[in-house]
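Number of protein chains: 2
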Amino acid sequence: MSLTIKLHVTTSHSHSHRLNHLTKFTSYSPNIRSKSIYHSDPLVSIVYNTKPRMHSPSQPVVHQAPAIKSSLIEPDGGELVNLVVPESERASRVSEAQALPKVSLNKIDLEWVHVISEGWASPLKGFMREDEYLQSLHFNSLRTKDGSVVNMSLPIVLAIDDETKERIGSSTNVGLVGPNRDLIAILRSIEIYKHNKEERIARTWGTTVSGLPYVEETITNAGNWLIGGDLEVLEPIKYNDGLDHYRLSPQQLREEFDSRKADAVFAFQLRNPVHNGHALLMNDTRRSLIEMGYKNPILLLHPLGGFTKVDDVPLDVRMEQHSKVLEDGILDPKTTIVAIFPSPMHYAGPTEVQWHAKARINAGANFYIVGRDPAGMGHPTENRDLYDPDHGKKVLSMAPGLEKLNILPFRVAAYDTVHKKMAFFDPSRANKNEFLFISGTKMRNYAKTGENPPEGFMSSGGWKVLVNYYQSLQTEEY
Amino acid sequence: MSLTIKLHVTTSHSHSHRLNHLTKFTSYSPNIRSKSIYHSDPLVSIVYNTKPRMHSPSQPVVHQAPAIKSSLIEPDGGELVNLVVPESERASRVSEAQALPKVSLNKIDLEWVHVISEGWASPLKGFMREDEYLQSLHFNSLRTKDGSVVNMSLPIVLAIDDETKERIGSSTNVGLVGPNRDLIAILRSIEIYKHNKEERIARTWGTTVSGLPYVEETITNAGNWLIGGDLEVLEPIKYNDGLDHYRLSPQQLREEFDSRKADAVFAFQLRNPVHNGHALLMNDTRRSLIEMGYKNPILLLHPLGGFTKVDDVPLDVRMEQHSKVLEDGILDPKTTIVAIFPSPMHYAGPTEVQWHAKARINAGANFYIVGRDPAGMGHPTENRDLYDPDHGKKVLSMAPGLEKLNILPFRVAAYDTVHKKMAFFDPSRANKNEFLFISGTKMRNYAKTGENPPEGFMSSGGWKVLVNYYQSLQTEEY
Numbered sequence: 001m002s003l004t005i006k007l008h009v010t011t012s013h014s015h016s017h018r019l020n021h022l023t024k025f026t027s028y029s030p031n032i033r034s035k036s037i038y039h040s041d042p043l044v045s046i047v048y049n050t051k052p053r054m055h056s057p058s059q060p061v062v063h064q065a066p067a068i069k070s071s072l073i074e075p076d077g078g079e080l081v082n083l084v085v086p087e088s089e090r091a092s093r094v095s096e097a098q099a100l101p102k103v104s105l106n107k108i109d110l111e112w113v114h115v116i117s118e119g120w121a122s123p124l125k126g127f128m129r130e131d132e133y134l135q136s137l138h139f140n141s142l143r144t145k146d147g148s149v150v151n152m153s154l155p156i157v158l159a160i161d162d163e164t165k166e167r168i169g170s171s172t173n174v175g176l177v178g179p180n181r182d183l184i185a186i187l188r189s190i191e192i193y194k195h196n197k198e199e200r201i202a203r204t205w206g207t208t209v210s211g212l213p214y215v216e217e218t219i220t221n222a223g224n225w226l227i228g229g230d231l232e233v234l235e236p237i238k239y240n241d242g243l244d245h246y247r248l249s250p251q252q253l254r255e256e257f258d259s260r261k262a263d264a265v266f267a268f269q270l271r272n273p274v275h276n277g278h279a280l281l282m283n284d285t286r287r288s289l290i291e292m293g294y295k296n297p298i299l300l301l302h303p304l305g306g307f308t309k310v311d312d313v314p315l316d317v318r319m320e321q322h323s324k325v326l327e328d329g330i331l332d333p334k335t336t337i338v339a340i341f342p343s344p345m346h347y348a349g350p351t352e353v354q355w356h357a358k359a360r361i362n363a364g365a366n367f368y369i370v371g372r373d374p375a376g377m378g379h380p381t382e383n384r385d386l387y388d389p390d391h392g393k394k395v396l397s398m399a400p401g402l403e404k405l406n407i408l409p410f411r412v413a414a415y416d417t418v419h420k421k422m423a424f425f426d427p428s429r430a431n432k433n434e435f436l437f438i439s440g441t442k443m444r445n446y447a448k449t450g451e452n453p454p455e456g457f458m459s460s461g462g463w464k465v466l467v468n469y470y471q472s473l474q475t476e477e478y
Numbered sequence: 001m002s003l004t005i006k007l008h009v010t011t012s013h014s015h016s017h018r019l020n021h022l023t024k025f026t027s028y029s030p031n032i033r034s035k036s037i038y039h040s041d042p043l044v045s046i047v048y049n050t051k052p053r054m055h056s057p058s059q060p061v062v063h064q065a066p067a068i069k070s071s072l073i074e075p076d077g078g079e080l081v082n083l084v085v086p087e088s089e090r091a092s093r094v095s096e097a098q099a100l101p102k103v104s105l106n107k108i109d110l111e112w113v114h115v116i117s118e119g120w121a122s123p124l125k126g127f128m129r130e131d132e133y134l135q136s137l138h139f140n141s142l143r144t145k146d147g148s149v150v151n152m153s154l155p156i157v158l159a160i161d162d163e164t165k166e167r168i169g170s171s172t173n174v175g176l177v178g179p180n181r182d183l184i185a186i187l188r189s190i191e192i193y194k195h196n197k198e199e200r201i202a203r204t205w206g207t208t209v210s211g212l213p214y215v216e217e218t219i220t221n222a223g224n225w226l227i228g229g230d231l232e233v234l235e236p237i238k239y240n241d242g243l244d245h246y247r248l249s250p251q252q253l254r255e256e257f258d259s260r261k262a263d264a265v266f267a268f269q270l271r272n273p274v275h276n277g278h279a280l281l282m283n284d285t286r287r288s289l290i291e292m293g294y295k296n297p298i299l300l301l302h303p304l305g306g307f308t309k310v311d312d313v314p315l316d317v318r319m320e321q322h323s324k325v326l327e328d329g330i331l332d333p334k335t336t337i338v339a340i341f342p343s344p345m346h347y348a349g350p351t352e353v354q355w356h357a358k359a360r361i362n363a364g365a366n367f368y369i370v371g372r373d374p375a376g377m378g379h380p381t382e383n384r385d386l387y388d389p390d391h392g393k394k395v396l397s398m399a400p401g402l403e404k405l406n407i408l409p410f411r412v413a414a415y416d417t418v419h420k421k422m423a424f425f426d427p428s429r430a431n432k433n434e435f436l437f438i439s440g441t442k443m444r445n446y447a448k449t450g451e452n453p454p455e456g457f458m459s460s461g462g463w464k465v466l467v468n469y470y471q472s473l474q475t476e477e478y
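Protein sequence lines correspond, in order, to chains A and B. Counted from 1, the first sequence has number 251 at position 251 by the working numbering; the numbering is strictly sequential. Counted from 1, the second sequence has number 289 at position 289 by the working numbering; the numbering is strictly sequential.
Keep in mind the hints are simulated off the structure, nothing from the lab. Keep in mind that this is a model prediction, so the values were computed, not measured. Don't take each hint at face value.
Identical copies go unnamed one by one, so any copy, or any two together, can satisfy a pair.
[What the hints assert, rightly or not] Think about it this way: if two alpha-carbon atoms lie no more than 27 Å apart in a straight line, the pair counts; the simulated DSSO-like pairs of lysine-lysine are:
#1 Lys464 <-> Lys107
#2 Lys125 <-> Lys421
#3 Lys394 <-> Lys165
#4 Lys145 <-> Lys404
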């Protein structure tokens, strides 16, 4: 594998601060299929190692811990944002919030509250005000107070309708209410500005074609106003779907990397099942990093956990599939951390891949693997990819604010029919039909019909999870 | 007038280099109406002062003069780009170009050749290759070799069709041929890449609605490929329309500012006739700059000279109108330079205003006046402005690479019916109907019907030019 490495590795090793966790959780059921096929939980031991990470409720908590500058790479803005109200102040904030005008959050809004509150979007401290929104839309970056630039390619905004705007009136703060009608957060020093949906969509997706999943789910019918402000979350966001233990915050991940004495962390963003081509790549990346002199590179296997389009494999199935891949030894649990990245998916290609990389800086990863057509999808109405498959890695390598991250573009893997395993595609052998590309569609068809994919395509345990899922889906359909 | 001034005034006063002008000109007729009403030429003395600026053909010329770091503000990239082949090498370049595969330029392409060759887009040295195109599209800026960032909000690209691409084959250089079939330039070390028109339009205009003038004129029917490379222009671009003497290059403007001993240059971009509200603003800006301590602020009255939409007033009429405004003493010729900015107009609002400002940095202006809805227009299909009228100045004030430019947002002027003159709009008097807003439509109607606008709206000489133009237009229509 040829690695293109930019040598800007931050090596400061100041100690990280212990996580201050709050233990009363709000309840949410995200978009999880009714019939769960999620049975085992083999990753808990991997994720949590042997040390308990949670404070008991009786322990004192400190609000907005001092700057975390741990480990391998500084968070954007120099300090990891943490917007959860300390327990000691919670009661008074709840009373305050109850008296405020209310704004309703849908499931995706709530995922963004989660993302912002844990500092994935550091230094962003709430839903964007107009100056942040415009910078994001036009420059894919924000200028901070000290004049430095951080990447911010997606507008992280909250839409409200005319009626809500009127109800807010001249109030400077509002309460945010979740899909289950419970109080989630306060948004302070609010600013309400116009939501020009057409412009937002055009500049974010580079198209206004109908059929963009995120747009249809949450923008098309949204209100004509955006409301920005400083966020204070009353309690940590939890989903109670059996997967919350995978939802490590950037602070928790940084601590985990420190406790494992990682000297390099390479993040792999995914929203699909892991096949052996992915595994080959991840293992090969680790080998390359060791060749470069790193002693203990750690893989952050980081599936996206928020909104995905209907034909993507649901999160619970993916988590079970990933766990089987580790059980089967395809990836090494000792050098792998599996955790959920709580962001919703935009399918905005070169614009979104910057967000995926930037958030992993905040989580402490100093290497980021980028593949063909990251965050891409098929064009909704034309028979082509929505984005040029090469643009993602090109844009990522040039993006403002990502200079400190080492970008690892990866070679394409395909099924090698001669050696009967996934291997890096070798163009010199392409004409001999020695490589088989197994698309998502082909994989789904294998799983639906019960036919086995070629030997060595995927760990057998992982494959069974997919077969179960797709066959349960067919049962539901008929 | 309230001026918001960012104090980053560069004050180095290294001597500018004398312009090296080439004297054999190619011939073009840009989009000029057949019946010219352009009669007088009173600005020549203003523009050229008393000193001749042209070298005679016998004088030796030096190619790519050393870095011009004259005056008040550094050109982007530190050096003003000049891509005109020195006369001594012209014959050999022409022979070379004749043997190369040819690419045809339309009128707008040729305007861009003009713009690039004179350094308005410094440090850009040719039509964009893909890495520049992607940075422009996604970040509105380019990172230079030394890591610094320059603004570049519009993709400056050249489209070719499949047939041309095939004809170019594996050639590394091509010849560029103008609309009149004459050889214009060589494009070297070319790169051909996909022209995704939908994405280009969406990211540049923030909409894909039909009816965008620049899009319909030059993108919709353009080829599916873009060709980038390093430009070498065989001779300076001239239009032979009686207005070439107004087309001062950035280098000529910098010399002019130096020769006038300007200690501040404030640029006013316009594509419309100058009324007394504009004049009030420009005079008031000068007064404010003097109050700030500047001794000799010079106004660069800088009408855009390239492509404009059909219902805009044509360039020759505007130049005559501007000259009358100076003749009538509404603006002071001693402290004003009138010149043509050769760029075509995108009507891309907040994205384009950055280009308008950036190009003026290269021309040596260190102050830039920005108004309501700069580079904006009505939405082609909805009854609203295409852009939020406030976004232009907001985006401009935050744009990467424009930090060194002083942005002067201006207050709106309207006709004060009490004092019978254009005045800054005073909201406290708004309810009493003491201000009259005279829109472009209203102004056109006055001119067409021969009715006079309110006294003090525009210099009488300037007004007559417009009446003549609109009435000649009606004559043509019937």
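Alpha-carbon proximity context of Lys464 and Lys107, limit 27 Å: So Lys464 and Lys107 fail the 27 Å test inside a copy (30 Å) and across (62 Å) alike.
Status of Lys165 relative to Lys394 across identical chains (alpha carbons, at most 27 Å): between (41 Å within a copy, 23 Å between copies)
Within, between, both or neither: Lys125, Lys421 at alpha-carbon 27 Å: The answer is neither: 46 Å in one copy and 48 Å across copies each exceed 27 Å.
Lys145 and Lys404: within-copy, between-copy, both or neither at 27 Å Cα: Intra 19 Å, inter 17 Å, cutoff 27 Å: intra and inter.
The structure fails to meet hints 1, 2 from the earlier list, while all remaining hints are met.
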